[in-house]
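Could you put together the complete structure from these sequences and hints?
In the numbering used here, each residue carries its 1-based index in the sequence shown increased by 6.
No lab work stands behind these hints, which were simulated from the structure alone. Predicted model, so just to flag it, every value in this text is computed and none were measured. Some hints could be false.
Here are the in silico distance ranges between beta carbons for each label pair [unchecked claim]:
(1) K86 x L41: 18 to 24 Å
(2) A122 x A43: 26 to 32 Å
(3) A43 x K112: 29 to 35 Å
(4) A123 x E45: 29 to 35 Å
(5) G98 x S42: 26 to 32 Å
(6) S40 x K105: 26 to 32 Å
The calculated lysine-lysine pairs, modelled on DSSO-like cross-linking and capped at a C-alpha distance of 30 Å, are [unchecked claim]:
(7) K73 x K97
(8) K109 x K119
(9) K105 x K73
(10) K54 x K109
(11) K67 x K54
(12) K73 x K109
(13) K109 x K97
(14) K105 x K67
(15) K97 x K48
(16) K86 x K54
(17) K112 x K73
(18) K67 x K109
(19) K112 x K48
(20) K86 x K119
(21) K113 x K73
(22) K67 x K97
(23) K105 x K54
(24) K113 x K86
(25) K105 x K48
(26) K97 x K119
(27) K54 x K101
(28) K67 x K101
(29) K86 x K112
(30) K119 x K67
(31) K97 x K112
(32) K86 x K97
(33) K73 x K54
(34) K113 x K97
(35) K48 x K119
(36) K119 x K105
(37) K113 x K48
(38) K73 x K119
(39) K113 x K67
Where is the CB? At the ideal position from N, CA and C, for every residue including glycine.
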Amino acid sequence: MKSSWNLLALWGFILTATLTVTAQEPRSAPAAASLSAAEQEKLAALRKSYPLEVCVVSGDKLNAMGKPFDHLVSQRVNGKEEMRLVRFCCKGCLKEFNKDPEKYFKKIDAAAKASAASAAKP
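Structure representation (structure tokens):
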């Protein structure tokens with residue numbers, strides 16, 4: 007009987023720990039279905055103009071592990087809030103991105119500059 011209670015207590019602990027870890031994971035942008043029409047248009051424009059074809063964290067192709075994982079980040083630029091899109095090869099890269107977002111934004115910005123420069127050349 008005592009071992010049954012110990013087993014029950016162990017399962018309770020595991021369930022509580024799992025729920026706690028899950029609740030603390032960073033959240034991505036809402037699913038596209040829950041966005042307004044204007045927000046969906048903005049997201050589509052951000053996807054179209056995204057300068058990288060590889061994951062900013064791993065360097066793998068964005069379609070290497072299925073559909074790319076899109077993450078919207080609110081960032082203050084020139085005194086106003088702006089939504090920025092970051093695309094990953096998988097959801098697992100989000101954790102690494104959250105450790106140092108500025109490092110990865112610099113990579114995205116450098117790729118955008120290079121893309122704009124090559125588009126401007128005749």
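Tested hints:
1. K86 x L41: 18 to 24 Å: Between K86 and L41, where Cβ atoms are some 20 Å apart, the hint holds.
2. A122 x A43: 26 to 32 Å: holds, 28 Å
3. A43 x K112: 29 to 35 Å: holds, 32 Å
4. A123 x E45: 29 to 35 Å: holds, 30 Å
5. G98 x S42: 26 to 32 Å: holds, 29 Å
6. S40 x K105: 26 to 32 Å: holds, 27 Å
7. K73 x K97: holds, 10 Å
8. K109 x K119: With a Cα-Cα distance of about 16 Å, the restraint between K109 and K119 holds, given a limit of 30 Å.
9. K105 x K73: OK: K105 and K73 at ~23 Å, within 30 Å.
10. K54 x K109: holds, 22 Å
11. K67 x K54: Satisfied, since the Cα-Cα distance of roughly 16 Å is no more than 30 Å.
12. K73 x K109: holds, 24 Å
13. K109 x K97: Holds - the C-alpha atoms of K97 and K109 are around 18 Å apart, at most 30 Å.
14. K105 x K67: Holds, because 21 Å separates the two Cα atoms, which is no more than 30 Å.
15. K97 x K48: holds, 21 Å
16. K86 x K54: The hint holds at about 23 Å.
17. K112 x K73: holds, 24 Å
18. K67 x K109: Given pair K67, K109 holds - Cα atoms ~19 Å apart, limit 30 Å.
19. K112 x K48: holds, 22 Å
20. K86 x K119: holds, 21 Å
21. K113 x K73: holds, 21 Å
22. K67 x K97: holds, 14 Å
23. K105 x K54: With a Cα-Cα distance of about 26 Å, the restraint between K105 and K54 holds, given a limit of 30 Å.
24. K113 x K86: holds, 21 Å
25. K105 x K48: Since the Cα atoms of K105 and K48 sit roughly 26 Å apart, the hinted pair holds (cutoff 30 Å).
26. K97 x K119: Roughly 26 Å separates the two Cα atoms, so the pair holds.
27. K54 x K101: With Cα atoms ~24 Å apart, K54 and K101 stay inside 30 Å; holds.
28. K67 x K101: holds, 18 Å
29. K86 x K112: holds, 19 Å
30. K119 x K67: At roughly 20 Å apart (the allowed maximum being 30 Å), K67 and K119 satisfy the hint.
31. K97 x K112: holds, 20 Å
32. K86 x K97: Holds, because 28 Å separates the two Cα atoms, which is no more than 30 Å.
33. K73 x K54: holds, 15 Å
34. K113 x K97: OK: K113 and K97 at ~19 Å, within 30 Å.
35. K48 x K119: holds, 20 Å
36. K119 x K105: Given pair K119, K105 holds - Cα atoms ~24 Å apart, limit 30 Å.
37. K113 x K48: holds, 22 Å
38. K73 x K119: holds, 26 Å
39. K113 x K67: Holds: K113 and K67 sit about 15 Å apart, inside 30 Å.
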